[in-house]
Amino acid sequence: GAVVSQHPSWVICKSGTSVKIECRSLDFQATTMFWYRQFPKQSLMLMATSNEGSKATYEQGVEKDKFLINHASLTLSTLTVTSAHPEDSSFYICSAGWDEQFFGPGTRLTVL
Amino acid sequence: GEDVEQSLFLSVREGDSSVINCTYTDSSSTYLYWYKQEPGAGLQLLTYIFSNMDMKQDQRLTVLLNKKDKHLSLRIADTQTGDSAIYFCAERAGGYNKLIFGAGTRLAVHP
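Going down the list, the sequences are from chains A and B. For the first sequence, counting from 1, position 89 maps to 69 in my numbering; every step adds exactly one. For the second sequence, counting from 1, position 14 maps to 18 in my numbering; every step adds exactly one.
Check before you lean on any hint, since a few could be wrong.
Claimed, not checked - Simulated restraints, written as ranges between beta carbons of each label pair: (1) B:D73 with A:E32: 33 to 41 angstroms; (2) B:Q48 with A:Q22: 16 to 24 angstroms; (3) B:V23 with A:L6: 32 to 40 angstroms; (4) A:D7 with B:A112: 33 to 41 angstroms; (5) A:S34 with B:D73: 20 to 28 angstroms; (6) B:N70 with A:T62: 31 to 39 angstroms; (7) B:A81 with A:I(-8): 21 to 29 angstroms; (8) B:Q61 with A:W(-10): 34 to 42 angstroms.
These are computed hints drawn from the structure, not numbers from a lab. We put the CB at the ideal spot given by N, CA and C, even for glycine.
All chains should be built: construct the whole structure from the sequences, respecting the hints.
Below is the structure:
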């Protein structure tokens, strides 16, 4: 199957700082990518749909000014968690594809 | 609305078959997926089935779809310890490409 990578795989930051997470489709182009978050022992919740060349579409309850998404190319989407707080600590996973959706390995964010 | 439900836990003996069940509510779902997640890792796509199919088999995996009852199952034959993981059922919401996930079923395989 296709490969989706994420960077970094884990990050620890101080409260109030911003963190950028990258999602790349390595062997295919993706006009649409998806960002999910997963709390411990819970399922994945879709945060937003990242659209290449246009604004992201956010799910209800997700603050677009806090979770900035940029999809600047057909192989790269970035999620920036701005002014991070401890409650933003989570596992963030991206996916890309159409009929088959492939997921990245995830990024574990810990905010101190 | 869209909702996907799964039982939370399944324990099987090594070598037996495992059957993980899932129900969904969106009758316009086009694709239904099974993903596997091991601790601390991302999701691995195991298989998926198009909504006009009843069954799909891929090596040890068999997916059954009852569209009338909106019921999906994943059968793992000859379950091994390496199959221990969380299995997520997901539906692709009709008209969209986003996936709606169930809560995940934790499969424990014991000797």
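Going through the hints against the structure:
The hinted range of 33 to 41 angstroms is satisfied by D73 (chain B) and E32 (chain A), whose Cβ atoms lie roughly 38 angstroms apart. For the pair Q48 (chain B) and Q22 (chain A), the supplied restraint of 16 to 24 angstroms holds, since their beta-carbon distance comes to about 18 angstroms. As the Cβ distance of V23 (chain B) to L6 (chain A) is approximately 34 angstroms, the hint placing it in 32 to 40 angstroms holds. Against the hinted window of 33 to 41 angstroms, the Cβ-Cβ separation of D7 (chain A) and A112 (chain B) comes to about 34 angstroms, which satisfies the hint.
Take S34 (chain A) and D73 (chain B): their Cβ atoms lie about 39 angstroms apart, and the range 20 to 28 angstroms is violated. In this structure, N70 (chain B) and T62 (chain A) break the distance hint of 31 to 39 angstroms, their C-beta atoms being roughly 45 angstroms apart. Separated by about 42 angstroms at the C-beta atoms, A81 (chain B) and I(-8) (chain A) break the suggested range of 21 to 29 angstroms. Under the hint 34 to 42 angstroms, the C-beta atoms of Q61 (chain B) and W(-10) (chain A), about 37 angstroms apart, fit the expected range.
Hint violations for this structure: numbers 5, 6 and 7, all remaining hints satisfied.
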